[in-house]
Amino acid sequence: MHELSIALEICRMVEQRLGPAQVHRVVAVGLEVGNDAGVEVESLRFCLEALLTSPPFHAAVPELARRPGDVLRLSYLTVDDGSPQDATAGAPGAAGAG
Amino acid sequence: MAIRTIDVRERVMAKNDELAAGVRRRLRAAGVTTFNLVSSPGSGKTTLLERTLAALGEELRIAVVTGDVQTHDDADRLERHTTRLVQAVETQGGCHLDARQIATALEAIDLDATRLLLIENVGNLVCPASWDLGEDAKIVVFAVTEGEDKPRKYPKMFRQARYAVLNKIDLLPYVPFDVDRALGYARDVNPDLTFFRTSALTGAGLDSWYAFLRGQGGRGPGV
Numbered sequence: 001m002h003e004l005s006i007a008l009e010i011c012r013m014v015e016q017r018l019g020p021a022q023v024h025r026v027v028a029v030g031l032e033v034g035n036d037a038g039v040e041v042e043s044l045r046f047c048l049e050a051l052l053t054s055p056p057f058h059a060a061v062p063e064l065a066r067r068p069g070d071v072l073r074l075s076y077l078t079v080d081d082g083s084p085q086d087a088t089a090g091a092p093g094a095a096g097a098g
Numbered sequence: 001m002a003i004r005t006i007d008v009r010e011r012v013m014a015k016n017d018e019l020a021a022g023v024r025r026r027l028r029a030a031g032v033t034t035f036n037l038v039s040s041p042g043s044g045k046t047t048l049l050e051r052t053l054a055a056l057g058e059e060l061r062i063a064v065v066t067g068d069v070q071t072h073d074d075a076d077r078l079e080r081h082t083t084r085l086v087q088a089v090e091t092q093g094g095c096h097l098d099a100r101q102i103a104t105a106l107e108a109i110d111l112d113a114t115r116l117l118l119i120e121n122v123g124n125l126v127c128p129a130s131w132d133l134g135e136d137a138k139i140v141v142f143a144v145t146e147g148e149d150k151p152r153k154y155p156k157m158f159r160q161a162r163y164a165v166l167n168k169i170d171l172l173p174y175v176p177f178d179v180d181r182a183l184g185y186a187r188d189v190n191p192d193l194t195f196f197r198t199s200a201l202t203g204a205g206l207d208s209w210y211a212f213l214r215g216q217g218g219r220g221p222g223v
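So the protein lines, in turn, are chains A and B.
Here the first sequence is numbered in this note's numbering, starting from 1 and rising by one per residue.
Here the second sequence is numbered in this note's numbering, starting from 1 and rising by one per residue.
These are computed hints drawn from the structure, not numbers from a lab.
Check the hints yourself; a few may be wrong.
[Said to hold, decoys possible] Facing chain A, according to a computed beta carbon distance under 8 Å, are these residues of chain B, among others:
no.	residue
1	V8
2	E10
3	M13
4	K15
5	E18
6	L19
7	R25
8	R61
9	G94
10	C127
11	A129
12	S130
13	L171
14	Y174
15	V175
We treat Cβ as the ideally placed atom computed from N, Cα and C, and that holds for glycine.
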């Protein structure tokens, strides 16, 4: 139950972060989960996998990295813009390309 | 297809913490001291609150918000001991209260006529530790029937709390519970914990609890 509510909050954050941006689909959702965060990682992964099946996520993959301490942070999103151009250009805060 | 990575680095609890900060500002501006009572199910939180409301409800102008997964049973019990509003939050499966629920509950509470707000969280020693409700302090309640090892098993909750109530001490002759060991485990996790030993059923130890509340009620940020 706890992990489900956290997963729902993560989905809300992802949607808010994307805003009106023209994103074809979310490919991956990157998270940092502290060992003392009070979160069971596999349970959170299960909840995210279930929630990320619906639009606009289109089966995005949750990528969970363990960290020391109690950090619980949405660290990055990998998105597909649906166009062949290099979408990193002009995207504030963007880093890297595939 | 163009794949790109968006750097986010945002705390998952940021939205709840923002709401909690708003709740805290509102309560402190009104001079209301707020405690968030957390525990496992069956530790005696509701009985402790029944006794507290009966003894101090009018004197300290206590308002209560209760959280339960299902039913308003706790709120119904508490309403028998006070003429003031008891706000019930039914989480419908949620395993903790969050700041949004408290912000909503405050809409129905006359804060100008309140000195002390007691929040009875959902019975759960895990999840409520992670959710700031805008309280001045968390009070963890644990009972001698639960075993001494609760602070070791649920360290985050005991680390987050400022006060600990060891309840059901009337049952000590009947259960294998080592008080010194339990308090030692709790201090290992949080050396700054202040303890109360009570039986909400018989009233043992409640004088200290009441004195504590009398000393805190209405002080707001000074807690």
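Here is how each hint holds up against the structure:
Interface restraint check for V8/B: the shortest CB-CB distance to chain A comes to about 5 Å, inside 8 Å, so the restraint holds. Because the smallest distance between the Cβ of E10/B and any Cβ of chain A comes to about 5 Å, under 8 Å, the interface hint for this residue holds. Against a cut-off of 8 Å between C-beta atoms, the interface hint on M13/B holds, since the closest Cβ of chain A lies about 6 Å away. At about 7 Å, the closest approach between the beta carbon of K15/B and any beta carbon in chain A falls short of 8 Å, and the interface hint on this residue holds.
For E18/B, the shortest C-beta to C-beta distance to chain A is roughly 12 Å, which exceeds 8 Å, and the interface hint is violated. Residue-level restraint check for L19/B is violated (minimum Cβ-Cβ distance to chain A is 12 Å; threshold 8 Å). This hint is violated: R25/B has a C-beta 22 Å from the nearest C-beta of chain A, more than the 8 Å allowed. The interface hint given for R61/B is broken, as the beta carbon of that residue sits about 33 Å from the closest beta carbon of chain A, more than 8 Å.
Interface restraint check: G94/B against chain A, minimum CB-CB distance 6 Å, threshold 8 Å, status holds. Using the Cβ-Cβ criterion of 8 Å, the hint placing C127/B at the interface with chain A is satisfied: the shortest such distance is roughly 4 Å. The criterion of a C-beta within 8 Å of any C-beta in chain A is met by A129/B, whose closest approach is roughly 6 Å, and the hint holds. For S130/B, the shortest C-beta to C-beta distance to chain A is roughly 5 Å, which falls under 8 Å, so the interface hint holds.
For L171/B, the interface hint is violated, the least distance from its beta-carbon to any beta-carbon of chain A being 29 Å, above 8 Å. For Y174/B, the suggested interface contact is broken, since its CB lies about 33 Å from the closest CB of chain A, more than 8 Å. Interface hint at V175/B: violated, since its Cβ lies 28 Å from the closest Cβ of chain A, which is beyond the 8 Å cut-off.
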